[in-house]
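Enquirer: Using the sequences and the hints, build the whole thing.
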Amino acid sequence: MHTQTFLEFHRPTITVRPHLPCYRKELPMSQTVSISGQTAVITGGSRGIGAAIAFKLAEMGARTIILGRNDEALKSVMERITAQQGSCVAKVCDVESETDVERVAREIQSQFGAPEILVNCAGVGLNGKKLWDCTAAEWERVINTNLRGVFFAIRAFAPAMMEAHSGHIINISSLAGKNPLPGGAIYAASKWGLNGLSYSLAEELRGHNVRVSVVCPGSVNTDFSSHEGRDLSKMLTPADVAHAVAMLVTQQPQSFISEITLRPTQKP
Numbered sequence: 002m003h004t005q006t007f008l009e010f011h012r013p014t015i016t017v018r019p020h021l022p023c024y025r026k027e028l029p030m031s032q033t034v035s036i037s038g039q040t041a042v043i044t045g046g047s048r049g050i051g052a053a054i055a056f057k058l059a060e061m062g063a064r065t066i067i068l069g070r071n072d073e074a075l076k077s078v079m080e081r082i083t084a085q086q087g088s089c090v091a092k093v094c095d096v097e098s099e100t101d102v103e104r105v106a107r108e109i110q111s112q113f114g115a116p117e118i119l120v121n122c123a124g125v126g127l128n129g130k131k132l133w134d135c136t137a138a139e140w141e142r143v144i145n146t147n148l149r150g151v152f153f154a155i156r157a158f159a160p161a162m163m164e165a166h167s168g169h170i171i172n173i174s175s176l177a178g179k180n181p182l183p184g185g186a187i188y189a190a191s192k193w194g195l196n197g198l199s200y201s202l203a204e205e206l207r208g209h210n211v212r213v214s215v216v217c218p219g220s221v222n223t224d225f226s227s228h229e230g231r232d233l234s235k236m237l238t239p240a241d242v243a244h245a246v247a248m249l250v251t252q253q254p255q256s257f258i259s260e261i262t263l264r265p266t267q268k269p
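Under the numbering used here, residues 2 to 269 are what the sequence shown spells out, in order.
Hints were generated in silico from the structure; no laboratory data involved.
Yeah, the Cβ is synthetic: ideal placement off N, Cα and C, and Gly gets one too.
It is possible that some hints are incorrect.
Quick list of simulated restraints, FRET-style, between CB atoms [as the list claims (entries may be wrong)]:
| no. | residue 1 | residue 2 | range |
| --- | --- | --- | --- |
| 1 | THR136 | ALA161 | 32 to 40 Å |
| 2 | GLN112 | ALA138 | 32 to 40 Å |
| 3 | ILE258 | GLU60 | 16 to 24 Å |
| 4 | PRO254 | THR136 | 45 to 53 Å |
Expert: Right under this line is the structure:
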């Protein structure tokens, strides 16, 4: 008879200890701020980039107030936003008119208080003309809309933001405000001016906890832009710019992005 011997094996205990010295630390998860319930005023909100920004901010829960000159176009955007359960109010306003901007600002602040977000998106272009072929009326139209209108809007809304000690102003500029634009000198001048205004205003308002950012997109496929000789599939879309704005307004309160330069991945 053979005697069976049973051997009991014990699994070794392995203790894992961190390497010393340990220089690696866990980084906190990046968090974004909700804008649900905030009021966002968007000039030029009846079409193109402005409309896309309104859709995006409404989707994120903001009460959007869109301003523009075309009543029918404004109502169309408002109806599409509300049909998607978003909040939107439309107000006819010509940013070239100082009295118009001040009137609408009073109405908005009387009803909703100081807006948390102001997006200056109203703009017009003038491309394909040498400077010496442009008229004084064309100069005034571009500068008055793209630069003077922003001044009017900021002057109308910034004091309430300062009093609330909170707010974010976002100016939609262009790569034409950073690079030469032959055949579009007046438009470029308006955007270079807008960038300078934005950088300076940011410093003026920092002490009041009001942030100022500028977005400089490249070629965006809108009715506003020139399509001649371009591959439309490679151009930016209004939704791309709206996404950049969404990034800006959801930053943590202790920081802000002063400028976004947005370029197409491939040249159109």
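Enquirer: Quick check: which numbered hints come out false for this structure?
Expert: none
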